[in-house]
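K.L.:
Okay, here's what each chain looks like letter by letter:
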Amino acid sequence: MNAMLIDSTRCVGCRACQIACKSWNELPSEKTQFFAGKGYQNPKDLSATTWTLITYNETKRRGRFDWVFGKRQCMHCLLPACATACPVTALKKTPEGPVVYDSSICLGCRYCQLACPFDVPRFEWDKVFTKITKCTMCADRVAEGMEPACCKACPTDAIVFGERSKLLAEAHARIDANPLNYVHHVFGEKEMGGTCVLHLSDVPHQELGHAGGLSEEPASAYSRPAMASIPFVLTGLGIGLGAVSWVVNRRQQLAAQQKEIERLHEIAEQAEGKEPGGTNS
Amino acid sequence: MTDFFKRTSSGLLVLYALAAFGLLLIVYRFVMGLGAVTNLSDSYPWGLWIGVDVLAGIALASGGFVVAGTVHLFGANKYHSLTRTAITTAFLGYLIFIFGLIVDLGRPWNLWRALFNWNHTSPMFEVAWCVMLYTSVLLMEFLPPVFERFKLTALHEKWKTMVPWAIVFILGIFTFAMTDSLIWTVVVVFVLLFWELVFRAGLSPRSIQMPLLMIIAGVMFSTMHQSSLGTLFTLAPHKLHPLWYSPMLPVLFLLSAVMVAPAMVIFESIVAERSLGHRAHMNVLSSLGRAMPWLLGIYLVVKVGDLLARGAVSDALSISWQSFSWWGEVLLGVVLPFTLFLSQDLVQKRVGLLTAAALVVLGLVWNRVNVAVVGMIDLEGDVYFPYWAEIFITLGLISLGILGYRLASLHLPLHEEETAATH
Ligand code: SF4
Ligand code: SF4
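Taken in order, these protein sequences are the chains called G and V. Once you know that position 219 of the first sequence is 219 in the working numbering, the rest is easy, because the numbers rise by one and skip nothing. Once you know that position 101 of the second sequence is 101 in the working numbering, the rest is easy, because the numbers rise by one and skip nothing.
Read the hints as simulated data drawn from the structure, not as lab findings. In this text, a Cβ means the ideal position worked out from N, Cα and C, and glycines have one as well.
Capping the alpha-carbon separation at 27 Å, the derived lysine-lysine pairs in BS3-like fashion look like this:
hint : chain 1 : residue 1 : chain 2 : residue 2
1    : G       : K44       : G       : K31
2    : G       : K92       : G       : K22
3    : V       : K239      : G       : K38
4    : G       : K131      : G       : K31
5    : G       : K44       : G       : K152
6    : V       : K239      : G       : K190
7    : G       : K127      : G       : K44
8    : V       : K160      : V       : K78
9    : G       : K92       : V       : K239
10   : G       : K44       : G       : K131
11   : G       : K152      : G       : K22
12   : G       : K259      : V       : K78
13   : G       : K131      : G       : K22
14   : V       : K239      : G       : K93
15   : V       : K239      : G       : K131
16   : G       : K22       : G       : K127
17   : G       : K166      : G       : K92
18   : G       : K44       : V       : K239
19   : G       : K152      : G       : K92
20   : G       : K166      : G       : K190
In silico negatives: residues of chain G with every beta carbon more than 12 Å from chain V:
hint : residue
21   : P28
22   : Y56
23   : G97
With the hints as constraints, model all of the structure from the sequences given.
P.N.:
Next comes the structure, spelled out in structure tokens:
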């Protein structure tokens, strides 16, 4: 399965990848403001027209105040929360690696946005004929045997593209070869069941704008118990409700019959009691 | 009649105005896009509409299945006078809710695709199917008064014979869509067919007027639908505040929906009595009121027990907007009405019943808004607050619902006192 390895220690913050993404995907530029986000970071956040973003983080690197760059984009999860969430399979994991989106079946419910633990999918809020947007790992290029546009553009090889298992081994090799220069954690190796985008960094990954406190279980593990119980609940209710109504209605029927019998008895008794006298009429 | 209009016209006018303004804003939304009428954003993709129109709206429509089930399946005939109004409320509620959903969806013209593109793992897929299928069951349940009103006896007869088969078909398809398993589908279809045979063979007595299978299906779909709305949020463990995030969310949503059903019936009957002049059956409402402490109590125990089990008590005791909102929901919406409903005096009186029931309804809406909005807010980032147009669209939808209910009430034989009077 294809994957990307992004090593923030090699990133110089040139944003060539951000531009390459825009040109390949024909995304318009965006009106931005200086210092709207963190320092020189521009734009402020991912958006419907910005699918990848270099974050500019002023933080401490080995005791010294420094600028560290991170790259935000879709993580192309192995078991994506967005694909679990999407009611119509508009978002799908492909066997080649990319998680792709098909607007022609999307309902625009935005459940994918709610579900994605990495806050990736964006929605075109200002359009009537809207869609969800996000990085596609350049699925179209990958299908033609090319690497994604951002990898191609990166001048320092901070982004490399390849087979996930190989890149994972490479990531660990880099940490082992230079243990003082890396946080000993490959972000994306295990997060949410693992992802096809792997990050290396020399500061804690959260300081680069990546989500923290994520579990190692895929999102589907959280909804599965409820979803798996559906047929049991349906069958149980079907049997239970039918049985209860049977018992209750039968009992009521018997009670009604009993009453009817008693009433008849009463009438009969009354008739008997009245007969000898017969004065009432 | 004239003085009834004199009495209510100002209130009605407000409703008409709100509904018209809401519709106007909805037109504007479809010309300008969601961004123009909402404060929703990529950080807050769901807001007021999901909280109030969808989550609370569906929960408040639970009267339909709770009352129908209690009367027809559990034999509580004393509540019979409430079934038609409860079913009508539920049906109208669902129609309004679907309308609201179309406003909220970004690409509503694709709604029908959920019928053909199946994702068995998606809670939203379950929600979408429940909405569509339960609305059709509600339509079936709603029809008899219409048949009666327009004297469509032949159609009514057809309805009686067709409904059970339609139900078996719908539930069969639903089971298959949810499980992707033929075995489960066969099991569910078999169970339903078995009961239908039992009913038809006269082994179990039944009322010819109400196909029991339809009532059973109503309860099954509602159980799935109410709980699936909670399941939606189980996918967001990293976003929903721990005060509300729980694997038990589906159960809590179901319990609270059942709990609000009698409260909503009480509330509605007393309000309708004032505005539409249908005498409320006070003894029936009081006996509903006496059931309330049980329902509220069970919900409270499960809710607090869940909080304890998850170790989230410290979140409830910390000082934050979220914990404040949690206490509001629990104290005002559950604990206070619980104590009120316990009082024998109060349950006999209209004002008392109305107050306590209104609190339960308020508490439920508060809970759903907490889950969809308050619990999602990240105080360190941008904070979402609904845009005025969002609020007015919601108000417009609610007004439309009330007006629709009024129309149905005036023109259909929903209230038993009238039908009884003609006999
Ligand atoms: S990062 Fe988010 S959008 Fe991308 S595949 Fe994972 S869940 Fe889906
Ligand atoms: S917004 Fe579209 S892609 Fe996202 S979950 Fe809904 S239907 Fe799927």
